[in-house]
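2 protein chains.
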Amino acid sequence: MPKPVRISLDAMGGDHGPSVVVPGAVLALERHPGIRFLMVGNEALINPLLAQHPKLKEVTEVLHTDLAISMDEKPSQAIRMGRGKSSMWRAVQAVKDGQADAAVSAGNTGALMATAKVCLKTMAHIERPAIAAMWPTLRGESIVLDVGATIGADAGHLVDMAIMGAAMARIVFDLERPTVGLLNVGTEEIKGIEAVKEAGRILREANLPNLAYHGFVEGDDLGKGTVDVVVTEGFSGNIALKTAEGTAKQIGEYLRAAMSRTIMAKIGYLFAKQAFDALRDKMDPRKVNGGVFLGLEGVVVKSHGGTDALGFASAIDVAYDMAHFELMKTIRVMLDHDPVAQQA
Amino acid sequence: MPKPVRISLDAMGGDHGPSVVVPGAVLALERHPGIRFLMVGNEALINPLLAQHPKLKEVTEVLHTDLAISMDEKPSQAIRMGRGKSSMWRAVQAVKDGQADAAVSAGNTGALMATAKVCLKTMAHIERPAIAAMWPTLRGESIVLDVGATIGADAGHLVDMAIMGAAMARIVFDLERPTVGLLNVGTEEIKGIEAVKEAGRILREANLPNLAYHGFVEGDDLGKGTVDVVVTEGFSGNIALKTAEGTAKQIGEYLRAAMSRTIMAKIGYLFAKQAFDALRDKMDPRKVNGGVFLGLEGVVVKSHGGTDALGFASAIDVAYDMAHFELMKTIRVMLDHDPVAQQA
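Protein chains in written order, with the numbering used here: chain R, 1 to 344; chain Z, 1 to 344.
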């Protein structure tokens, strides 16, 4: 049996709080019996739910807090009010204090990132943390970062992200030398933003041992799975992520409409129902829920705020993998080769 | 019968040149009998194809050029070599000289934009032209710009694009006051890039007569069709466009695979074949082919380089509509209310 992985959960985060977090933890525990939870939040809400799940209760410690950060709280306000007190802060602090190996919150992204930055601090040589998302592709999955932690990035930030993303890919995909591409508006070396071109030059020349730099990739390479890791600054990364989600929903709507328009289509749908169910399952956004904050002195995973227990369990799975396979150690080793940090 | 619309075609542009341009023109002529063509390029290649289509030949004038701009030519080189001589230049020049009401080329985007800028010049008060794309949505279609003409945009450019996009929406959607959104990473006014926030303030305060400013929209609003016009700078616009195209292809692949995996699914597919055909038709990227260059002293439409006759005909349709419904005049009227130009 592997050594237990301890996960702290912001039980008050997200649109639904403990009513999603607790059943989410139940699902995650079934998949990873070695998991231990620290649930942070209002015990009057948490305990009755825990009482319904004796197995979960056995592996869970509850840390009571009165304060919860709301979904529309400004980051600065979340820090001012929440420091040392909010369920979000205390869940992250558990990682800092060594009580947990990773924290998961479905709270608002800006507040969570600000809390994580102030509480955990960024890693040496890393100026700006990034959020990495798993992206379903025709080849399987890729890692895409940054999907919205910061806006704009200079060449150094992009190189840092390439290295951290590759470290995550090593763990998630079990690859010795993951391929990394920089998102751009063309694949020729002369195209695009200066920072992207400069980052490309640095990565090509550095020829790192644990990262195979592929070159530029375009928006349509995301779905193809051309590379294991796609790096971009947070504005375009966020827009790419939400555009893909929106397009998937749109096509799902088209398909639903097409399959209910005629009797023949409805009969066809019945015959192919299993296939449609498999497709729906494949495209289920809850299965790729969990953005990993990279560049902090500890593992924090952000779940979608509106997700359900199944989605929240996916975010816990991600946190479990990052802790179990020692993401932090892998990033540290790989950052030793960081050409940007060495220049500094 | 409406007055004839004269379209100049760069017959050598794109991956396939006249073998796509000529049959594309045949299709467009069927839809718009009032069309007249000026086909610019190598007459030794064009004339034999025209001979096969007497009706098209009757409404087409051929302008011979020896030089064609290749698909990987750098913009600067395309100008240096092509000025006054290339099929691309001469097709655009026909618009400048009043011989054509709009030009269509499937040639490389950078070269075509550079050629159009040098030959036609930008409109007064417009610093940077943009490329506007039609985007299929759950509500119908929206206009998205800029999808890759320039990288980065200050608040003034974004406001100019909002006005030009709204002018195009007036024509395409026949709306008195189209809704316009600025693409951002969140819908709250405090979020995002400074230029986007500033553009939002200007548009809100200006309260223009022919443009209803909606506020910020996110990537997933593109597919929903939340607004008639989505404005963003060219880097993120290009990434959004290609990400959506890639996601659509990816889901198409999933669907194909799902429908051929089991006997039951195959039977279901046969029953629902008509519905699938309708869906394929709806998602056919050739039907939304044609990026409109906005901000130049004349109408230029860019077709995908790799498209076929059906796709090229769509680009001609777009050019036809822009000329027929007097896009240039509409833009000029709307720019009279440009709050940025008035500040200058």
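To be clear, the hints were calculated from the coordinates, so they are not data collected in a lab. Any given hint could turn out to be false.
If several chains are the same, the list does not tell them apart, and a pair holds so long as it fits within one copy or across any two.
As the list claims (entries may be wrong) - Here are the simulated lysine-lysine pairs, DSSO-like style, with alpha carbons at most 27 Å apart:
#: 1; residue 1: 3; residue 2: 329
#: 2; residue 1: 249; residue 2: 224
#: 3; residue 1: 121; residue 2: 287
#: 4; residue 1: 96; residue 2: 224
#: 5; residue 1: 329; residue 2: 197
#: 6; residue 1: 96; residue 2: 266
#: 7; residue 1: 57; residue 2: 329
#: 8; residue 1: 282; residue 2: 224
#: 9; residue 1: 249; residue 2: 273
#: 10; residue 1: 273; residue 2: 57
#: 11; residue 1: 85; residue 2: 57
#: 12; residue 1: 224; residue 2: 287
#: 13; residue 1: 96; residue 2: 74
#: 14; residue 1: 329; residue 2: 85
#: 15; residue 1: 329; residue 2: 266
#: 16; residue 1: 266; residue 2: 55
#: 17; residue 1: 85; residue 2: 224
Do the hints match the structure? See the list:
no.: 1; hint: 3 to 329; result: within (16 Å within a copy, 72 Å between copies)
no.: 2; hint: 249 to 224; result: both (18 Å within a copy, 9 Å between copies)
no.: 3; hint: 121 to 287; result: neither (29 Å within a copy, 51 Å between copies)
no.: 4; hint: 96 to 224; result: neither (38 Å within a copy, 41 Å between copies)
no.: 5; hint: 329 to 197; result: neither (29 Å within a copy, 40 Å between copies)
no.: 6; hint: 96 to 266; result: neither (55 Å within a copy, 54 Å between copies)
no.: 7; hint: 57 to 329; result: neither (31 Å within a copy, 71 Å between copies)
no.: 8; hint: 282 to 224; result: both (15 Å within a copy, 22 Å between copies)
no.: 9; hint: 249 to 273; result: both (19 Å within a copy, 22 Å between copies)
no.: 10; hint: 273 to 57; result: neither (38 Å within a copy, 52 Å between copies)
no.: 11; hint: 85 to 57; result: within (23 Å within a copy, 79 Å between copies)
no.: 12; hint: 224 to 287; result: both (19 Å within a copy, 22 Å between copies)
no.: 13; hint: 96 to 74; result: within (23 Å within a copy, 52 Å between copies)
no.: 14; hint: 329 to 85; result: neither (29 Å within a copy, 61 Å between copies)
no.: 15; hint: 329 to 266; result: neither (53 Å within a copy, 49 Å between copies)
no.: 16; hint: 266 to 55; result: neither (43 Å within a copy, 44 Å between copies)
no.: 17; hint: 85 to 224; result: neither (44 Å within a copy, 39 Å between copies)
When each numbered hint is compared with the structure, violations occur for hints 3, 4, 5, 6, 7, 10, 14, 15, 16 and 17.
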